[in-house]
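> Given next are the chains, with one letter for each unit.
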Amino acid sequence: KQEVTQIPAALSVPEGENLVLNCSFTDSAIYNLQWFRQDPGKGLTSLLLIQSSQREQTSGRLNASLDKSSGRSTLYIAASQPGDSATYLCAVYYGQNFVFGPGTRLSVLP
Amino acid sequence: EAGVVQSPRYKIIEKKQPVAFWCNPISGHNTLYWYLQNLGQGPELLIRYENEEAVDDSQLPKDRFSAERLKGVDSTLKIQPAELGDSAVYLCASSSQAGVGDTQYFGPGTRLTVL
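The listed protein sequences correspond, in order, to chains A and B. Residue numbers for the first sequence follow the numbering used here, so the first one is 1 and each next one is one higher. Residue numbers for the second sequence follow the numbering used here, so the first one is 1001 and each next one is one higher.
Worth double-checking, as some hints may not be accurate.
Said to hold, decoys possible - Using 25 Å as the maximum straight-line C-alpha spacing, the simulated BS3-like pairs for lysine-lysine come out as follows: (1) A/42 <-> A/1; (2) A/42 <-> B/1011; (3) A/42 <-> B/1078; (4) A/1 <-> B/1062; (5) B/1015 <-> B/1071; (6) B/1015 <-> B/1062; (7) B/1016 <-> B/1071; (8) B/1078 <-> B/1011; (9) B/1015 <-> B/1078.
Please keep in mind that the hints were generated in silico from the structure rather than gathered at the bench.
Isolated chain B, as found in the complex (with noise of 0.2 Å):
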């Protein structure tokens, strides 16, 4: 069975650009997670999406960050214009059943890199 997939990888960029990040989720797990995780401490949620439905975004900073998951499948996240405070790691996870706290599987992560 195939994890679940991020690219890319790594990412530098300048401040002010835009960038985005892919998601693929595992085969039909229809919970997925955006995370950000930063230097030495725990992800931290930036939306949770249950099929197609962004149905918990509290977390996301709207004024620069979007998010969209079209047909309830692969996902993107997006950034613009980065900021210098948003250079971390950005981890997608997925899950098969939602609300019950089922156990989360990662992607690798893509860090952000912005100078």
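One chain only, chain A, in its complex shape (with noise of 0.2 Å):
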């Protein structure tokens, strides 16, 4: 079975930090993998986007890397901010639809 898993589930750091956000999949075999934000009681927003063949993406503050072969993608975010509090999940996709993880939720705290 396909399996996504992330760690930590919760984290929470003082502003200006920079941190990681850990992404493990099962089973290698991907297309692509999107790293998404959902604030509370709202929908999921595209952040970055890999496919299969990159090692990483980078968007402003945000760095996603890919290691296909150890089934692991980190989101990076640095000098993290009040405003970046939400909860980011990873998504795989296999060919025929995304396989989501249960996400980690942040707290950037002022």
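Two chains, each in its own frame: build the complex with the hints.
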């Protein structure tokens, strides 16, 4: 069964810190991997998409890496801000549908 | 560009009652997804449409759930009768291309509470 896990489940950091969120997947035959952000009571917003042939993608203060062989992806957030507080989910695409992780709930304290 | 629209945003019903959710995807998006999200978990696919065809409904509990996407645009998801365990957020998403894992755009969801 294709499973996606995320560690930690929750994270609280002071403003300005750099942080890393982790995503692991059991089946390495992926097409791509996406990172999403979900604010309370709202839908998901796509942050970054990494194709299986890529190693990383960057958007502003966000950098996502992908290591297919080890079944891992990381989302790096630089200089965190209170506005970054949300739940971050990764989703792996296997050619038919996406398999989502449970998310990491991030709180950035001012 | 308007995003994915869902209604209602919240619904409270008693068990055994029917309920329906509506979704209007982004204009021009051929692929439409319905997901179920329980608290503290990621979305789980219920059904995926390519235009008006349901191409993956393997996770849809067909004894009580049904969906339609007439004319390949907006879609309706129905539960009849609802059970206590159906309480969750129902998310609709759309994407422009099928089969390539294109970016999905999500609506705000409908939070269902079954009493």
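> So which of those numbered hints doesn't the model satisfy?
1, 5, 7
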